[in-house]
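S.K.: Heads up: the sequence lines are chains P and H, in that order. With full-length UniProt numbering applied, the first sequence corresponds to residues 1 to 193, in that order. With full-length UniProt numbering applied, the second sequence corresponds to residues 1 to 306, in that order.
Keep in mind that a hint or two might mislead.
Chain P side only, calculated, beta carbon under 8 Å to chain H, not exhaustive [claimed, not checked]: (1) 24; (2) 79; (3) 82; (4) 167.
Think of the hints as simulated: they come from the structure by calculation, not from any bench. Glycine included, each C-beta is placed from N, C-alpha and C at the ideal position.
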Amino acid sequence: MAKAAESLGEPGTTWPRPLMRDLKAVGKKFMHVLYPRKSNSLLRDWDLWGPLILCVTLALMLQRSSVDSEKDGGPQFAEVFVIVWFGAVTTTLNSKLLEGNLSFFQSLCVLGYRILPLTVSMLVCQLVLLAEQGPINFMVWLFVVIVMFAWSIAASTAFLADSQPPNRKALTIYPVFLFYFVINWMILTFTPK
Amino acid sequence: MAAVGDLQFEEFGNAAATAAENPGATTISIEGPGESPTHQAGLPRGSGGEEDDELLGNDDSDKTELLAGQKKSSPFWTFEYYQTFFDVDTYQVFDRIKGSLLPIPGKNFVRLYIRSNPDLYGPFWICATLVFAIAISGNLSNFLIHLGEKTYHYVPEFRKVSIAATIIYAYAWLVPLALWGFLMWRNSKVMNIVSYSFLEIVCVYGYSLFIYIPTAVLWIIPQKAVRWILVMIALGVSGSVLAMTFWPAVREDNRRIALATIVTIVLLHTLLSVGCLAYFFDAPEMDHLPTATAAPNQTVAAAKAS
């Protein structure tokens, strides 16, 4: 931090600079999810800010709005949060136990950022619900959900499969598939009150 | 050093010479590295004739115990200790799943497929998939059954996921624990019983639950007859895998205790499948079929309404 301040030479710009640097790193990773390319430097600089923002956004959108139908309704905010983080940790642990080469937090970072397409489909769902609820809208939205699901899986596969021993790739990818499938199911069955 | 090397070389040469002179003498030959993984991946090339030996693997039980001792050498608080439980390749997991789907009479699942390399990958992820398969299929099936009703409001029933998880994981871990304890206790009373380690029992139970995943998906079909036929098929396949695995372990024991054990195993399995079907899937009653396909049932609905 001190070095950054020295290199600037400008007064009054010390504290926003690391924040901007972090934001730029997060933004770069978001762009990387949208256009997946192999990049080792991006893997090394892991951070968990992006996954946290995505998870909170998703959980806020998915939680049920009223507490009336507590018994059989959709998930609460805490439930979504726990499921996303618990699922990500379990999937990462699985890839570590199968002798993967990524570190724990790198894998967590990769998985967390790939939730971005799913959050986008959730946003689309909210927009569709604002519009009229017809079968055509539902079809469009279902198509968007499926495309985003395939995108997340493809983006994760590209990263994770390379770091695993060659005869265990399928074993590592399957839990990731299950994880994204469950999140997609929660998005698909979202019913506002 | 060179003298020792020369001595060894000369010993091998002598062994070949003695083999040529006395055909009855035994000589040890060292095989190449390609031979070593056969104990994990291949079928048992055990002693010829006896079915017992192939089933129980008495010849290599000592070897497998030794290998098991060699494998798990890290202390239990290190990460490497747990990595030994995930030391499987993709084709091994597929082989084990295939073995759980096709029970061949006379072949023991543990001896054939697990062979002292029990893994936790299969049981854990098969149970996880089954939990979500049951919860999601149940939700879908209820949605389809109640589709035509005006008063029905779709709910995701998220609570049922946690209930399903509790049931499935409790079954997959506590029942093997109880069974293992029981077998240990019987082993102390009656000698010469094949005994399985706790992880091998967990492995068998985990893989035997695989048949329920497609069964749960097919349970979406809202026909009672179809559902019960599926229950019978699934129970038949996984029950026979379990029965054939544990029969050699209790065969030496008192006849009635052996039979009671096998019957209890199958009974618990039945309870799990029927319980899941009853709790997560609503009964497809005649009144709830959509009117387009319920022409012969409309009279029943009218009779019930009046």
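S.K.: Which hints from the list above does the structure break, by number from lowest to highest?
M.R.: 1 and 3
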